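Undergrad: The residues making up each chain are set out below.
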Amino acid sequence: MREFLKKKGLAIAAAALAVAIILGIATHTLGGSSDFISNAVNTVMRPVGSGVAVIAEFLEGIYGYMFEYDRLKTENEDLKAKIADMEQQIRDSAAANEENKRLRKLLELREKRSDFELESATINSWGSSNWSSTFTISKGSNFGIELFDCVVTEHGYLVGQVIKVGPTTATVRTIVDTNLNVGALIERTGISAVASGDFEKMREGKLKLTFIPDGAEILNGDTILTSGRGESIPKGLVIGRVTDAGLDPSALTQYAVITPSAALNELSQVFVIKSFDIVE
Amino acid sequence: MQNKRFFIKLGLHALLLVVVYILQHFVFSRIPLWGVKPLILPVAVIGIGFFGGSVWGGVFGIFAGILCDVAFVTAPLFTIALPVVGVGSGLLSEYALLKNLLSYLITSLLGLFLISFLQMFPFLFFRDVEPSILLRIAALQTAYSLLFVFPLYLPVRRLSRRRR
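For the protein sequence lines, the chains are A and B, in the order given. Residue numbers for the first sequence, in the working numbering: 95 to 374. Residue numbers for the second sequence, in the working numbering: 6 to 169.
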């Protein structure tokens with residue numbers, strides 16, 4: 095071998111140098127495109143490279159499973175907790191938005207009726223009787239709520255009247271309850287009547303307009319307001335709209351069914367009017 | 006020892022009262038069936054009276070009646086009616102009926118209809134309400150409430166079998 099290198103070494107080195115120079119010139123001349131040798135090498139090595147990559151991936155997978163599993167599990171739990179937090183924030187934000195809307199409406203009501211002293215309360219539970227319509231609110235005499243105080247929505251729609259007060263809770267009878275009679279006015283004509291709960295209508299969430307004077311004109315869609323008779327319910331609160339007006343089967347008296355403006359089934363927060371100016 | 010057993014029995018009755026009240030007022034009041042809500046406390050009173058005797062039925066009835074009147078704002082209707090129903094169901098089991106599920110069901114039917122009649126009394130006689138509407142509500146309320154005889158049968162029977 096030594097003899098061979100002594101004899102031919104110089105020639106081999108010169109040939110290698112020549113090939114290197116030719117390859118260098120070719121690569122430079124082709125401007126980035128692969129030369130023949132590179133192509134050949136790459137073609138031959140491609141399946142090998144692919145095989146190695148597959149094996150490497152497989153081994154990385156095993157490594158990941160063995161050593162990364164716990165970290166990923168922890169990360170997954172952290173992410174789940176973060177998502178739950180964010181969902182809670184979204185829910186809180188939605189609830190806050192709803193309350194914000196109610197309070198904005200309430201602000202409008204306060205501006206319109208500056209004489210009202212209002213107390214906000216949430217509904218704790220609805221009455222479980224089939225014969226009445228009541229609910230319990232979260233505030234009572236500790237917050238200045240008194241018997242027969244009037245209860246409204248943020249829009250100023252009449253909801254009912256306080257019929258029982260404890261230190262921390264109060265029971266409200268709604269306007270559709272058969273035991274509640276409220277002095278009423280037909281807004282369009284100014285005619286007085288009485289809005290009363292009716293057993294049959296109570297189950298539909300409605301009430302009746304009674305004691306309508308002879309000849310009074312009532313049309314579907316008429317707005318019914320409180321007349322302010324008595325000292326417990328202020329004048330001008332919206333009770334609801336007439337949805338069915340006509341004559342009794344006897345054709346002697348008029349009747350009207352009122353659909354309350356306050357969506358009683360959807361209430362969650364109400365406002366108790368603790369005091370107001372009585373307009374004569 | 007006898008006193009201890011008595012107080013344990015009393016405590017279990019109180020627990021039953023509270024659980025049934027919560028179920029009636031907070032849970033099933035949100036689950037109306039045929040448009041009505043059930044009366045569960047009276048069914049429990051009838052059960053205690055029927056299986057435990059008229060004395061237990063009367064005492065349990067007083068407390069259940071007070072709770073019902075608080076919930077319905079109907080004082081003193083239930084405070085009077087439920088002890089009567091409790092004592093009555095006790096007397097029925099002591100003198101007339103066998104202590105089994107069918108008899109409990111029949112007694113509950115009678116008791117619940119009596120209570121429904123008392124509830125519709127003011128509407129029937131002092132207000133201009135169609136009797137057929139009132140009877141329909143009374144019948145539906147009784148039917149829905151009767152369903153609670155089945156889940157209450159075992160607890161009230163076991164509770165009443167405890168020695169003093």
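Don't read these hints as lab results, they were simulated from the structure. Among the clues, some could well be false.
[Claimed, not checked] Per the computed footprint, the stretches of chain B lying under chain A, defined by three or more beta-carbons under 8 Å from a beta-carbon of chain A, are:
| id | segment |
| --- | --- |
| 1 | 30-40 |
| 2 | 57-69 |
| 3 | 98-110 |
[As the list claims (entries may be wrong)] Far from chain B by the CB rule (all over 12 Å, computed), these chain A residues:
| id | residue |
| --- | --- |
| 4 | E171 |
| 5 | Q183 |
| 6 | E205 |
| 7 | F293 |
| 8 | E294 |
| 9 | E298 |
| 10 | K329 |
| 11 | L361 |
Keep in mind it's a predicted model, so treat the numbers as computed, not measured. Backbone N, C-alpha and C define an ideal beta-carbon position, used for all residues, glycine too.
Undergrad: Please go over all the hints and tell whether each is borne out by the structure.
TA: Evaluated hints:
1. 30-40: Holds: 6 residues of the segment 30-40 of chain B have a Cβ under 8 Å from chain A.
2. 57-69: violated (count 0)
3. 98-110: n = 0 at 8 Å, threshold three: violated.
4. E171: E171 (chain A) clear of chain B: closest Cβ-Cβ about 34 Å, beyond 12 Å.
5. Q183: holds (28 Å)
6. E205: holds (35 Å)
7. F293: violated (5 Å)
8. E294: violated (6 Å)
9. E298: violated (10 Å)
10. K329: Answer for K329 (chain A): holds, closest chain B Cβ roughly 27 Å.
11. L361: Its Cβ never comes within 12 Å of chain B, the nearest being 14 Å, so this holds.
Against the hints set out earlier in the document, violations occur for numbers 2, 3, 7, 8, 9.
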